[in-house]
Every structure is written in C-alpha cells, then in structure tokens.
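Asks: Listed here are the chains, written in short residue letters.
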Amino acid sequence: MDGRQATGLDDERKESTLDQSRAMDRFLAEVERRAFRIAQIAVRDPDDAMDIVQDAMIRLVRSYAKRPAAEWKPLFFRILRNRITDHQRRQGVSRRIFAWFTRDTDSDLASDPVADAPARTADRPDRQVAMSDAMTSLQAAVTELPARQQQAFLLRAMEGFDVAATASAMGCSEGSVKTHYSRAVRTLRSVLGDHWP
Amino acid sequence: MSGEAKERGQQRDQQFAETAGRMLRQSAEELDAATLSRLNQARQKALAELQRPAASPWISRWATLGAGAAAAMLVIALWTGRAPVNELVSPAIVPLAEMTDAATDFELLLEEDDLEMIADLEFFAWLSDAELDMEPGVTG
Chain B
1 MDGRQATGLD DERKESTLDQ SRAMDRFLAE VERRAFRIAQ IAVRDPDDAM
51 DIVQDAMIRL VRSYAKRPAA EWKPLFFRIL RNRITDHQRR QGVSRRIFAW
101 FTRDTDSDLA SDPVADAPAR TADRPDRQVA MSDAMTSLQA AVTELPARQQ
151 QAFLLRAMEG FDVAATASAM GCSEGSVKTH YSRAVRTLRS VLGDHWP
Chain C
1 MSGEAKERGQ QRDQQFAETA GRMLRQSAEE LDAATLSRLN QARQKALAEL
51 QRPAASPWIS RWATLGAGAA AAMLVIALWT GRAPVNELVS PAIVPLAEMT
101 DAATDFELLL EEDDLEMIAD LEFFAWLSDA ELDMEPGVTG
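Protein chains in written order, with the working numbering: chain B, 1 to 197; chain C, 1 to 140.
These aren't lab readings, by the way, just hints derived from the structure by calculation. No false leads were slipped in.
Which stretches of chain B does chain C cover? Using the computed rule of at least three CB atoms under 8 Å from a CB of chain C, they are:
| hint | stretch |
| --- | --- |
| 1 | 20 to 27 |
| 2 | 32 to 38 |
| 3 | 52 to 62 |
| 4 | 156 to 164 |
The beta-carbon is built from N, C-alpha and C at its ideal position, and this holds for glycine as well.
Isolated chain B (complex conformation):
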C-alpha cells in the first residue's frame, strides 16, 4: 500500500516536471530569437550574444522555473540585461588593460583595436545583403545608443513591454524608463532622419 502510494507520488512528480519542462520550452522558444537580437545589438558579437542568451536561459531555469509562468518574461529579460551589463563591464576592463599595455610600446596602436574592430556581422556580406538598408541603418543607430537608452528602447519597442515591466526588467524607476525611452526615440529619429524608413 505504502509502495503504491510512493509510486503514485513519484509519477505525479514526474508528470509535474514534464509539464514544467514543456511550459519552459515553449516560453524559451518564444523569446529566444528576440533575446538573441537584443544581446547581439548590445555586445556587437554573435558568439558572445549566444553565450549570454544561453547563460540567461540556464539561470532562469535553475532559479525561477518553479515560479509562476507569468513571471518568467520579466525575470528572463532582467537576467539577460544583467548578463549584458556584466559582459560590457568586462569588455571595458579588458579594453583599458589592453590600452594601458600598448600605450607606450607601439604608437601605431594608439587607437583602440578592440573598440574599433567591426562587428562580425559586418564581415558577412551575405547577411548584410539580406538586411534591408533601413534595417541596417536602424541597427547601427540603435547600437550607438547609450546602454540604458538602448535597453529601454529595445524592451519597449521590440519586446512590447509597458513602462512598469521595462522598469522591472531594467531595475530602475518608471520615470527613468520614460526618460531613457524618449531620449532614445529622439536620438534615433534625428540620426535616421524624417524620411526613414
């Protein structure tokens, strides 16, 4: 009798894990492409962007899988934003260290080769051709936005978050989100011009 009860509980647990796994699979499949694009625009490197997205997925599953599914989206984008910020900080440190070591040794390297290196997508003419001119100029303009403005713009315009959800994902006040977002839109419109797209 006890054995049967234990088997029943095991089956229920397995079923519950399976349901959770299916729900999480659907959720991740739904957001992964846009998450990748957000990371790619932020860090300018597809391989780094892929690592960041994978890390965000693993952290979400590991820490928040048992939370209600409705909470996954803001949590996932918050984790993604943190990972992007970490990456940008590390890049900043390595750039400064590289600049410090090469400052006096070689005058030809006065400009920062890491910062000046083109994004890998620029090396792929097939991708460039596939992307329309309007998209290319939009991506370039969004890439140049300050980090917080870029996050606010991508979460609101691309992901469709409202102000409150964006504030939660960015870890700041709703007022800051409004300011960052309106500045981002103003900058993009001025860079791209009235005739865009």
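Got chain B; can you put chain C on it based on the hints?
Replies: Frame of chain B, contents of chain C only:
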C-alpha cells in the same frame, strides 16, 4: 498651437517606435539556420537543468553546519595541543607526532571520497555494536 505641435511630435515618435519595433522583431524572425540551431541547443541545455536533482535545502544546511562544527573542533584541538579522542583514553599530554597524525586524519576526512564514509556512519555504528555483541561468544 504648441500643444498641437507636441501632440504631432508624440504621434510621430509613436509611429517611429512601432515601425522600428516591427522591423527589429522581423529581423529576429529571419535569423539564419545556424543561429537557430545554436539557440535550440542552448535551450535544450537549459531545460536539462530541470532534470538535475536538486539537493534538499535541509540536507545542505545540516552538511554545512556539520562541516563547520567539525572544523571548529579541529581548530580548538590543534590550538590547545590536545587531540580530543586521545584525551578520553588517557589524560597524559599527547605527543607532537600524534597531533600531526590527527591533522593528517582530518585532511583525509576532508577528501571527497571520505564524505561517503561519513554518510555510512550508521553502518559503522551498527558494525561496532555487532562486534560488541559477538565478543562473549568469541572469548567464551
């Protein structure tokens, strides 16, 4: 008049954001096959975390407390220069060589393999009891 201009500006901002958002979403839907495959692999790797058995928080809490207590006992034993087990056997001062042995024993205990032995503590207690029970039969 300025109110109208402001409203027009806001409408243009909104139209611009909608167009830009649509284009960015479209670009996400048009990722190449290699990237989609890598995203799929990343997702499967993340989902595998669900199958991994999580350590019970109570077990890990007790393990942490136990390890902390054992470490504290060793530090006290080494600091006072007496090995607690030997003290029970004889009140005499423990020679330096034995103290070194105690430290070595603790190092061995800290090794990963020996954690399994700690987990089998109940078995060793049972074995000890069983040996005590058998003693009269063996001697008599």
